[in-house]
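Let the sequences and hints guide you as you build the complete structure.
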Amino acid sequence: GAGVSQSPSNKVTEKGKDVELRCDPISGHTALYWYRQRLGQGLEFLIYFQGNSAPDKSGLPSDRFSAERTGESVSTLTIQRTQQEDSAVYLCASSLSTGYNSPLHFGNGTRLTVT
Amino acid sequence: AQSVTQPDIHITVSEGASLELRCNYSYGATPYLFWYVQSPGQGLQLLLKYFSGDTLVQGIKGFEAEFKRSQSSFNLRKPSVHWSDAAEYFCAVGGFSGGYNKLIFGAGTRLAVHP
Chain A
1 GAGVSQSPSN
11 KVTEKGKDVE
21 LRCDPISGHT
31 ALYWYRQRLG
41 QGLEFLIYFQ
51 GNSAPDKSGL
61 PSDRFSAERT
71 GESVSTLTIQ
81 RTQQEDSAVY
91 LCASSLSTGY
101 NSPLHFGNGT
111 RLTVT
Chain B
1 AQSVTQPDIH
11 ITVSEGASLE
21 LRCNYSYGAT
31 PYLFWYVQSP
41 GQGLQLLLKY
51 FSGDTLVQGI
61 KGFEAEFKRS
71 QSSFNLRKPS
81 VHWSDAAEYF
91 CAVGGFSGGY
101 NKLIFGAGTR
111 LAVHP
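Protein chains in written order, with our numbering: chain A, 1 to 115; chain B, 1 to 115.
Among the hints, a few may not be true.
Unchecked claim - With a straight-line cut-off of 20 angstroms between C-alpha atoms, the simulated SDA-like cross-links for lysine to any residue are:
hint : chain 1 : residue 1 : chain 2 : residue 2
1    : A       : Lys57     : B       : Ala1
2    : B       : Lys61     : A       : His105
3    : B       : Lys61     : A       : Lys11
4    : B       : Lys49     : A       : Ser102
5    : B       : Lys49     : B       : Arg69
6    : B       : Lys61     : B       : Ser72
7    : B       : Lys49     : A       : Lys11
8    : B       : Lys49     : A       : Lys57
9    : A       : Lys11     : B       : Gly43
10   : B       : Lys49     : A       : Ala88
Claimed, not checked - Here are the in silico distance ranges between beta carbons for each label pair:
hint : chain 1 : residue 1 : chain 2 : residue 2 : range
11   : B       : His82     : A       : Leu39     : 24 to 32 angstroms
12   : B       : Arg77     : A       : Arg38     : 25 to 33 angstroms
13   : A       : Glu14     : B       : Trp83     : 17 to 25 angstroms
14   : A       : Gly71     : B       : Ala112    : 20 to 28 angstroms
15   : B       : Glu64     : A       : Gly16     : 45 to 53 angstroms
16   : A       : Gln41     : B       : Trp83     : 20 to 28 angstroms
17   : A       : Glu14     : B       : Thr5      : 31 to 39 angstroms
The hints are simulated quantities; they were obtained by calculation from the structure and are not laboratory data. Keep in mind that this is a model prediction, so the values were computed, not measured. Glycine included, each C-beta is placed from N, C-alpha and C at the ideal position.
Laid out in structure tokens, this is it:
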């Protein structure tokens, strides 16, 4: 079946502009995560959605970052007034549940470059 | 604070040689430990995980890892490396509030395989 789909795959934007990144999780997966991978670094947790519960936003680096999820489907990550330090690969992952037998399935990411 | 350290940024081995990738973690409670692999042009894939029980866990693609509480380590091993194993490997710890998949990742180890 289809995996986690992210769009666009690449995005170049000018400093100060807003960007929206999209994630389509695997159908039926109730949990959805956003991670950021800066060049040469490991992944940083950003935000997590589980069903209809309030999202865990504890990893968002600033109030310029926000994310939404419609039910158990598509999620969008929005970065307002982008800065050069926002340049990174943004990875979305979904899992069937939050149980320990529900591994993360990652998308291929959106590479964001802020010029 | 929780953290994951992968001391080796790059490792090069010859095809057929054995491999050990190091991972050390800092976490006050019983950790949930993971190894992910990121191959060129592909999304992150779970290799194996440890939650409890036998401290030697087997994963996909012939990999195994051993949890050593006394050393706070979870090193990844493979007895005979194949050229297709060239990739970046990430160790991660989870199990915090937000479920098993709210992970803290190490910075990764890039593996090159010589023919």
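Subject >> Indices of hints not satisfied (ascending) >> reply: Numbers 3, 6, 7, 8, 10, 13 and 14 - these are the hints that the structure violates, sorted from lowest upward.
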